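Engineer: Sequence:
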Amino acid sequence: MNWDDWKEQTFGSGYMIWHDGLDTSAVTCLRGQERDEALAMLRLGDAESIASMKSELEKATGTSRVRLALSIHALAPDPSLARYLVDVLHSTLYWTDRIEAAIGLRHFSGPDDEQALLESVEADPEYLVRNHASESLLIRWKIEPHEISKHEAIFKRICGAPSGEPNSPEHVRGFVEARAMLEKLKLTSA
1009 MNWDDWKEQT FGSGYMIWHD GLDTSAVTCL RGQERDEALA MLRLGDAESI
1059 ASMKSELEKA TGTSRVRLAL SIHALAPDPS LARYLVDVLH STLYWTDRIE
1109 AAIGLRHFSG PDDEQALLES VEADPEYLVR NHASESLLIR WKIEPHEISK
1159 HEAIFKRICG APSGEPNSPE HVRGFVEARA MLEKLKLTSA
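First residue of the sequence shown: 1009, per the working numbering; consecutive thereafter.
If you are wondering where the hints come from, they were derived from the structure by calculation, not from laboratory data.
Just so we're clear, the structure is a prediction, and the values are computed from it rather than from any experiment.
Each hint should be verified, as a subset may be incorrect.
[Said to hold, decoys possible] Cross-link-like lysine to any residue pairs, in silico, SDA-like; alpha carbons within 20 Å at most:
#1 Lys1194 with Glu1152
#2 Lys1015 with Glu1042
#3 Lys1194 with Leu1126
#4 Lys1015 with Lys1067
#5 Lys1164 with Glu1152
#6 Lys1062 with Tyr1102
#7 Lys1158 with Arg1091
#8 Lys1067 with Glu1042
#9 Lys1150 with Ser1171
#10 Lys1150 with Tyr1102
#11 Lys1067 with Tyr1102
#12 Lys1158 with Pro1119
#13 Lys1067 with Asp1105
#14 Lys1062 with Ile1080
#15 Lys1194 with Glu1160
#16 Lys1194 with Ser1117
With these hints in hand, go ahead and build the complete structure from the sequences.
Structural biologist: Right under this line is the structure:
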């Protein structure tokens, strides 16, 4: 089987990859000979694909940028790719884009991207971004349970105002407290 046929059979059409992002789980779950064959096929298309993906990454925005950086990282791990997710996380883009970045940063472990997640817990105006940033930190730190709602004192502080209402100074103080509590949790679990 040639590389193009294998790629389409494994990941779907070019349109599907562009539209939905590269589903790396199609190969990361393989074992034995199937895994070896997939790795060989990936190496055939690797250099050209990664180069073109990196070129697209510079032009991409929002969720597309996050998914593209994560796809490249899955194929050729590179901690510096986290900066693209941090850019989205710290942007003024729609909250769904920032959530994708917060979730995606679970796959990295650098101090700068950890700092970005902590800053989001403390300062992002949207509850769901703070929630996913908190859970990404718990996952990175291997703290169980990973669900921030199970850490009730922290969860209570990240919730903020009801949807559509602005956060009060009291809510913002809670976000700052939540960040401090997360940092303390990291230290006590190490």
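Engineer: Starting from the hint list further up, note which numbers the structure goes against and sort them upward.
Structural biologist: Going through the list in order, the structure violates hints 4, 6, 7, 8, 9, 10, 12 and respects the others.
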